[in-house]
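Start from the sequences, fold in the hints, and give me the full structure.
Those letters in the sequence shown? Residues 1 to 357, per my numbering, in order.
Take these hints with a grain of salt, some might be off.
With a cut-off of at most 27 Å between alpha-carbon atoms, the simulated DSS-like pairs for lysine-lysine come out as follows [unchecked claim]:
hint : residue 1 : residue 2
1    : K118      : K70
2    : K112      : K6
3    : K332      : K349
4    : K287      : K70
5    : K68       : K6
6    : K291      : K221
7    : K332      : K277
8    : K287      : K324
9    : K274      : K287
10   : K349      : K291
11   : K111      : K68
In short, the hints are calculated from the structure, not lab data.
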Amino acid sequence: MKKTRKIRIGNIFIGGGEPIRVQSMTNTPTEDVGSTVAQINRLEDAGCEIVRVAVPTIEAAQKIKEIKRKITIPLVADIHFDYKLALEAVRNGVDKIRINPGNIGGARKVKKVVEACKEYHIPIRVGANSGSINRKILDRYGGPTAEALFESVRGEIEILENEEFTDIVVSVKSTDLDTLVKANELVSSHYDYPLHIGLTEAGPIPEGIVKSTLGIGLLLKEGIGDTIRVSLTADPVYEVYTAYSILQALNIRMERPEIISCPTCGRIEIDMDKLIKEVRAVLQNVKKPIKVAVLGCSVNGPGEAREADIGIAGGTHTGIIFRKGKIVRNVKEEDLINTFKEELDKLLKEDLNAHES
Numbered sequence: 001m002k003k004t005r006k007i008r009i010g011n012i013f014i015g016g017g018e019p020i021r022v023q024s025m026t027n028t029p030t031e032d033v034g035s036t037v038a039q040i041n042r043l044e045d046a047g048c049e050i051v052r053v054a055v056p057t058i059e060a061a062q063k064i065k066e067i068k069r070k071i072t073i074p075l076v077a078d079i080h081f082d083y084k085l086a087l088e089a090v091r092n093g094v095d096k097i098r099i100n101p102g103n104i105g106g107a108r109k110v111k112k113v114v115e116a117c118k119e120y121h122i123p124i125r126v127g128a129n130s131g132s133i134n135r136k137i138l139d140r141y142g143g144p145t146a147e148a149l150f151e152s153v154r155g156e157i158e159i160l161e162n163e164e165f166t167d168i169v170v171s172v173k174s175t176d177l178d179t180l181v182k183a184n185e186l187v188s189s190h191y192d193y194p195l196h197i198g199l200t201e202a203g204p205i206p207e208g209i210v211k212s213t214l215g216i217g218l219l220l221k222e223g224i225g226d227t228i229r230v231s232l233t234a235d236p237v238y239e240v241y242t243a244y245s246i247l248q249a250l251n252i253r254m255e256r257p258e259i260i261s262c263p264t265c266g267r268i269e270i271d272m273d274k275l276i277k278e279v280r281a282v283l284q285n286v287k288k289p290i291k292v293a294v295l296g297c298s299v300n301g302p303g304e305a306r307e308a309d310i311g312i313a314g315g316t317h318t319g320i321i322f323r324k325g326k327i328v329r330n331v332k333e334e335d336l337i338n339t340f341k342e343e344l345d346k347l348l349k350e351d352l353n354a355h356e357s
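Okay, here's the thing in structure tokens:
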């Protein structure tokens, strides 16, 4: 990964060789503390490390204090247009703010926001996406090109640097993959600020997952990116699951179980959809990078998935549990999941004992 400067956000850091952090954004009204905290807790359980909330009103900014008391991960305030919302969010203990200095309302107001962030040691995320570029810049480049995005974000950075503020996180996003990659390459080649990467308005599932995986994956393979958000038109928990799947597929953060499973075919002897869901539920709280195979027949399965640490395969009213390609249990279909749990617990305990010794 390209070495960027390290920025503190609440109780964690991004950039400077830190792990690539996974973040998401709530879709609840921030003024509704109960529903917002409940969603943040669900996101944290899924592995979210930084969470952003919309702050469209003074009341939302004031509720940050109460939300902060009930969560443990860093909280980011998403601010548009009104600098007073940023000041109120800072006063109420937010860990980072996301603003566009160019639309906050002039140099005097930007200065006030910067002064508050300096006082409270809070970083600012700035950036541009394909829908927020200044009209003059759009006209100059003939549309939301990578160069237009870069010029837009460079202007935002210069506004803060002119105030001697460098506690900055940068983000340039596009709905177009080529534009996204090129714009981030431009920013990465000119600045060492940590980069928040992701595709904007990626879409619903599965389209949004496919586009986000390609865009984020291409950048990460180049060593670009310090924190990621997968933007989906879906429950934000799926953003977190997808983010970790991307990181794991690229061998960047190997912290969770990986499921490998066979494609459906005429040899399937069990309800694979049901079996996958049951295995996922068993693995939900496992935080080990084990490889788990889920197969629909017991004939060729164990041999084909011998690299798996543990596997489960269904048959006609029966099934098997195997480890590293070797069958360890033959069980009735109705006992398959419970037996899988038992063998998984053994595997995790063995791994723990080996680690401690």
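Against the structure, the hints come out as follows:
no. : hint          : in the structure
1   : K118 <-> K70  : holds (25 Å)
2   : K112 <-> K6   : holds (24 Å)
3   : K332 <-> K349 : holds (25 Å)
4   : K287 <-> K70  : holds (23 Å)
5   : K68 <-> K6    : holds (23 Å)
6   : K291 <-> K221 : holds (22 Å)
7   : K332 <-> K277 : holds (19 Å)
8   : K287 <-> K324 : holds (20 Å)
9   : K274 <-> K287 : holds (23 Å)
10  : K349 <-> K291 : holds (16 Å)
11  : K111 <-> K68  : holds (26 Å)
In terms of the numbered hints stated before, the structure departs from none.
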